[in-house]
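Colleague: Take a look at the letters that make up each chain.
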Amino acid sequence: MLELENEIFLEMVHNIQETYGYVPEREINQLAEKFDQPRAKIYGAIKFYSMFYTEPTGKYVIRICDSLSCHLNDSHDLLLAVENFLGLKNGETSPDQLFTLEVVECLGHCGEGPVMMVNDKMYTELSKGRALEILKECQ
Amino acid sequence: MIKLTIDNTPVEVEKGTTLLEAARQVHINIPTLCYEENLSIYGGCRLCVVEVNERRQLMPACATEAEDGMEVKTHSPRVREVRQTLFELIIASHDISCELNCLTCTRQASCELRNVAEDIGINRMRLNPIYRGLDKDLSSYSVVREPNKCITCDRCIRKCEEVQGIGIFANSDRGPETTVTTFQDKGMGNVECTNCGQCIISCPTGALHEVYHMDSVWDALYNEEKHVIVQTAPAVRVAIAEPFGAEPGTVATGQLVAALRRLGFDGIFDTNFTADLTIMEEGTEVVERVSNNEHLPVLTSCSPGWIKFIEHFYPEHLKNLSTAKSPQQMFGALAKTYYAETMGVDLEDLVVVSIMPCTAKKFESKRPEMADDVDYVLTTREAAMMIKAAGINICDLEPEEYDNLMGVSTGAADIFGTSGGVMEAALRSAYYLITGEELEEIDIKPVRGLEGLKKAEVPINEDLTLKVGVAHGLSNAKKMMEMIADGEEFHFVEFMACPGGCIGGGGQPISAELTSTETLQRRMDGIYSIDSSKKLRQSHENPMVQKLYEEYLGKPGSHKAHKLLHTEYTPRGLS
Amino acid sequence: MVKERKFLKGPRLRDVSTYEFPGLKKALSLGPDRIIQQISDARLLGRGGAGFPTGTKWDLALQQQGERKYMICNADEGEPGTFKDRYLLEERPLKVLEGLMIGAYAVGATQGYIYIRGEYSEPIKIVREILEDAREEGILGEDIFGSGFDFDIKLVRGAGAYVCGDETSLINSIEGKRGISRIKPPYPIQEGLYGHPTVVNNVESLACAAEIIKQGAGEFAALGTDNSRGTKLISLSGDINISEVFEIEFGSCTLSEIIENLGGGVRRGRDPKFVIPGGLSTAALLPEELDCTYTYEGIESAGSSLGSGAIIVVGESRDLVDILLKVSRFYMDETCGTCFPCREGNKQINYMLSQHRNKKFSGQEVELIEDIGEVIAAAARCGLGQTSLSLINSIFNKFPEELIEEVIHVD
Numbered sequence: 000m001l002e003l004e005n006e007i008f009l010e011m012v013h014n015i016q017e018t019y020g021y022v023p024e025r026e027i028n029q030l031a032e033k034f035d036q037p038r039a040k041i042y043g044a045i046k047f048y049s050m051f052y053t054e055p056t057g058k059y060v061i062r063i064c065d066s067l068s069c070h071l072n073d074s075h076d077l078l079l080a081v082e083n084f085l086g087l088k089n090g091e092t093s094p095d096q097l098f099t100l101e102v103v104e105c106l107g108h109c110g111e112g113p114v115m116m117v118n119d120k121m122y123t124e125l126s127k128g129r130a131l132e133i134l135k136e137c138q
Numbered sequence: 000m001i002k003l004t005i006d007n008t009p010v011e012v013e014k015g016t017t018l019l020e021a022a023r024q025v026h027i028n029i030p031t032l033c034y035e036e037n038l039s040i041y042g043g044c045r046l047c048v049v050e051v052n053e054r055r056q057l058m059p060a061c062a063t064e065a066e067d068g069m070e071v072k073t074h075s076p077r078v079r080e081v082r083q084t085l086f087e088l089i090i091a092s093h094d095i096s097c098e099l100n101c102l103t104c105t106r107q108a109s110c111e112l113r114n115v116a117e118d119i120g121i122n123r124m125r126l127n128p129i130y131r132g133l134d135k136d137l138s139s140y141s142v143v144r145e146p147n148k149c150i151t152c153d154r155c156i157r158k159c160e161e162v163q164g165i166g167i168f169a170n171s172d173r174g175p176e177t178t179v180t181t182f183q184d185k186g187m188g189n190v191e192c193t194n195c196g197q198c199i200i201s202c203p204t205g206a207l208h209e210v211y212h213m214d215s216v217w218d219a220l221y222n223e224e225k226h227v228i229v230q231t232a233p234a235v236r237v238a239i240a241e242p243f244g245a246e247p248g249t250v251a252t253g254q255l256v257a258a259l260r261r262l263g264f265d266g267i268f269d270t271n272f273t274a275d276l277t278i279m280e281e282g283t284e285v286v287e288r289v290s291n292n293e294h295l296p297v298l299t300s301c302s303p304g305w306i307k308f309i310e311h312f313y314p315e316h317l318k319n320l321s322t323a324k325s326p327q328q329m330f331g332a333l334a335k336t337y338y339a340e341t342m343g344v345d346l347e348d349l350v351v352v353s354i355m356p357c358t359a360k361k362f363e364s365k366r367p368e369m370a371d372d373v374d375y376v377l378t379t380r381e382a383a384m385m386i387k388a389a390g391i392n393i394c395d396l397e398p399e400e401y402d403n404l405m406g407v408s409t410g411a412a413d414i415f416g417t418s419g420g421v422m423e424a425a426l427r428s429a430y431y432l433i434t435g436e437e438l439e440e441i442d443i444k445p446v447r448g449l450e451g452l453k454k455a456e457v458p459i460n461e462d463l464t465l466k467v468g469v470a471h472g473l474s475n476a477k478k479m480m481e482m483i484a485d486g487e488e489f490h491f492v493e494f495m496a497c498p499g500g501c502i503g504g505g506g507q508p509i510s511a512e513l514t515s516t517e518t519l520q521r522r523m524d525g526i527y528s529i530d531s532s533k534k535l536r537q538s539h540e541n542p543m544v545q546k547l548y549e550e551y552l553g554k555p556g557s558h559k560a561h562k563l564l565h566t567e568y569t570p571r572g573l574s
Numbered sequence: 000m001v002k003e004r005k006f007l008k009g010p011r012l013r014d015v016s017t018y019e020f021p022g023l024k025k026a027l028s029l030g031p032d033r034i035i036q037q038i039s040d041a042r043l044l045g046r047g048g049a050g051f052p053t054g055t056k057w058d059l060a061l062q063q064q065g066e067r068k069y070m071i072c073n074a075d076e077g078e079p080g081t082f083k084d085r086y087l088l089e090e091r092p093l094k095v096l097e098g099l100m101i102g103a104y105a106v107g108a109t110q111g112y113i114y115i116r117g118e119y120s121e122p123i124k125i126v127r128e129i130l131e132d133a134r135e136e137g138i139l140g141e142d143i144f145g146s147g148f149d150f151d152i153k154l155v156r157g158a159g160a161y162v163c164g165d166e167t168s169l170i171n172s173i174e175g176k177r178g179i180s181r182i183k184p185p186y187p188i189q190e191g192l193y194g195h196p197t198v199v200n201n202v203e204s205l206a207c208a209a210e211i212i213k214q215g216a217g218e219f220a221a222l223g224t225d226n227s228r229g230t231k232l233i234s235l236s237g238d239i240n241i242s243e244v245f246e247i248e249f250g251s252c253t254l255s256e257i258i259e260n261l262g263g264g265v266r267r268g269r270d271p272k273f274v275i276p277g278g279l280s281t282a283a284l285l286p287e288e289l290d291c292t293y294t295y296e297g298i299e300s301a302g303s304s305l306g307s308g309a310i311i312v313v314g315e316s317r318d319l320v321d322i323l324l325k326v327s328r329f330y331m332d333e334t335c336g337t338c339f340p341c342r343e344g345n346k347q348i349n350y351m352l353s354q355h356r357n358k359k360f361s362g363q364e365v366e367l368i369e370d371i372g373e374v375i376a377a378a379a380r381c382g383l384g385q386t387s388l389s390l391i392n393s394i395f396n397k398f399p400e401e402l403i404e405e406v407i408h409v410d
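Keeping their order, the protein sequence lines are chains A, B and C. Quick note: the first sequence uses numbering that gives the first Met the number 0, first residue 0, plus one each step. Quick note: the second sequence uses numbering that gives the first Met the number 0, first residue 0, plus one each step. Quick note: the third sequence uses numbering that gives the first Met the number 0, first residue 0, plus one each step.
The set of hints was computed from the structure by calculation and includes no laboratory data.
Rough simulated footprint, nothing fancy, chain A against chain B, three-plus residues with beta-carbon under 8 angstroms: (1) 163-171; (2) 181-190.
To give an idea of the chain B side of the interface with chain A (calculated C-beta under 10 angstroms), a few residues: (3) Ile156; (4) Cys159; (5) Glu160; (6) Thr177; (7) Leu573.
To give an idea of the chain A side of the interface with chain C (calculated C-beta under 10 angstroms), a few residues: (8) Met11; (9) Val12; (10) His13; (11) Phe51; (12) Asn72; (13) Asn118; (14) Met121.
Built from N, CA and C at the ideal position, the CB exists for glycine as well.
Sequences are here, hints too, so could you generate the full structure?
Modeller: Following this line, the structure appears as structure tokens:
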């Protein structure tokens, strides 16, 4: 659909999200105009990708992998500890807009589980204690 | 030519033919859900999978081209087994519950899932629906979306984008959360939806239907205080008998009148009457604007789907629109003035109902500038449901006549129901309005038919040859607007939002048996047969319209006519 | 003792200014036909999971007429248990770049793309810097090494959708569409990105290609067996003592040797409950089935497949339904949602599993799961869908007493 080979849609959306923390409505309208596509379609394309947000997220997006390999490294316990600490469930954002928690599929560090990403920083072989320390530093 | 066998039957087809088409050529029916004639291939439902050369991987017949020497099995034991389980999965995704069940479903009698169930002979159901709990979209005046019934076949998405050129729907999210939604989940009423209802026609399940006005109309009919009158649009008469088992195109004008009288309407009138009136007003406007070279081309204004479309996408061209209200709204305006005054009905007690082939008419009636002149709009489907619910089979009734005051019409009004009809009707009278003479040949063939874009040149006198255009279906409307923008010269252009015009309206009965093109052609034939059988075939000949001008409005384009019969438009853009 | 055979692995290689690009230079002197001949002679099979011969793919692309062609490196590694591409992107990215350039030169592509999954922030950073450096050094751009070959590469970050690892989904994704698979034909080689002939190769395949051209097809083909040439990067994880990326020569060892010798044995126990030999799309193998040699054909003869080379070891004490739920949730969440069998089938399977914690499945339920498996395998639209129940079905087959109620016959 996007015959604009110099403009890569995904990169543009990443850049918008880096600027605003999410993809605001007016930016979607502008993308639709730029790519000459119905804006619903642009919206739907953005919503396909779980790393893109069309609503504001927390300042820190916490991603915890609970795929099979990490699960075998007790990622579930890590997840429970983080959920308790933040008072958030998968997909939720804290009222103070500080944290968003995401349970995600594989992050590609299957040999070093359990793992947690804070925005684009990866933490591996995490104990519960270390994870909570990292989160406290964010507060 | 490609030679293959399908279920051991030799078939020869052109290169590029799909297995689905090839099978239909030898009368083998392969069930489908996401496939629809005239839409792009989606390949999602997989119901049409067939076995090719005994390969393990089954191939979707809709998306697989026939190749030389293929041996195709469309109903082998494996295929049938796979199809049955697949259908179980589909039904489990189509939320059936106490609230949502087949008996109360809008598509109770025209459900494609039920047809597929019959076609594949399903005899088991081992899965319960997994409740999704999605909210209904009630934001539109015209169309309701019930996402829990949606099986995500994407036909509405493709219809809106490919046939109507808009694309208000898109898939959102993915995996089990995949849904059909609108921009920012705003709902159909809050985006650039034209309310045309073509998505309803494409929906196989009843996840999309019109906003019902039936209950309100029943209440009005039951209320003895109320004086309830009804108007019936041109395209309704060639489709209303379909839900009663008649062929599309069956003309049932008189039977419709009889049924409505039995339902208890106090006055039964014809939108055709105001269609003739529209021609007088719009025709006069065209003649004036052409002679003054003012905002040309004049664009027609009868189709409310088209109006909303131009308001969203070409707001800079609103000045080109004819200011004439649509026939429905002209009727409403006259009903609440001329009719009420003539009959001495208190406006408090007067209820005006329309029966329209159209869902956009529901929105039109709610436009602030229309001042609730029309209280309720029923689609052809709703009218049929009400007639059935009153124990009436329309096919059994003797034809009756419309009530006189606003029930008389010419053939020119009947053809409003089909693409090219408004243009033809306008040309018949424009010739008369300019030259004072009658056209020799009033059948104007170049503007007829299902061709998406039509053009004609009609010589009026030595100085003037009218250049006219016709577009139906909004993607064709878009093309026409681009042609105009590119400098192609027209005096007058007719636009109808729905493919085929009102006969293909989003409120028309949904035909499970016939493909849409066939249905449209038959309804169109029905419309022209009414026109050709009438004695009066030109709007300016309508005696009751003449009487209306003499007694009430003065002349076409008069101050009073303007006040009652003309309107203005809202630039909307994409806000 | 099993030892690694390092054909791809090696010291960190990220400095463009000091790297000689020996493979690329040699390729530029060989010309397209001889490059493709080398790759074909080496009998390199695509390392992404499907195992299509790389030489054939390049040859088909070379034969395509077209004003422009594209070459894409698929670095959307996302299958749980797989992290070998990340190793190459972090440690040996110049080999990947070189392979991509050799491929582009061979097939006649002038524009390349590296599509890296968005979660790989470190590899993204590394590759971005390398591309900038390469442009600065004139390694990318016009008339590369005076050969007349023009080529540049764009980095595209994915955004959290596993299915984009499917090549047609990936192409849709670069085009800015939802990452759903395309109906084939046309194949990407015929009509790919923006409608032009397009080659999509996995990271490891490209690194292999760079080494094959540098070291010669013979060097590579001498490794491994007839049907499985060369080496393979494996990602070892799960209930195992040493969990990392190893490179082994095909045919040099068995699966159990890999686990014992390279992985240091099963963690907290002697035998695994089962092993997943090639990622979540491959059937589980029981301890007694692990004596198969590590080759495409060896693992196939044991009843599974080599897939992406992700070996996941599951320990004895693990709860099967818990494991099944993880596998099922992955597929349920990651299906693109287009085709009904995959979308609805995986959803129903996940629902059924979630109802069976500490409760066995009845015969009818197992039959239903099998039926759904058959529908998905036979009728789903893409590879992800078709193989999405392979693992789950194999676990039901292999652990009937643990999962399925005993049928009590009443006489």
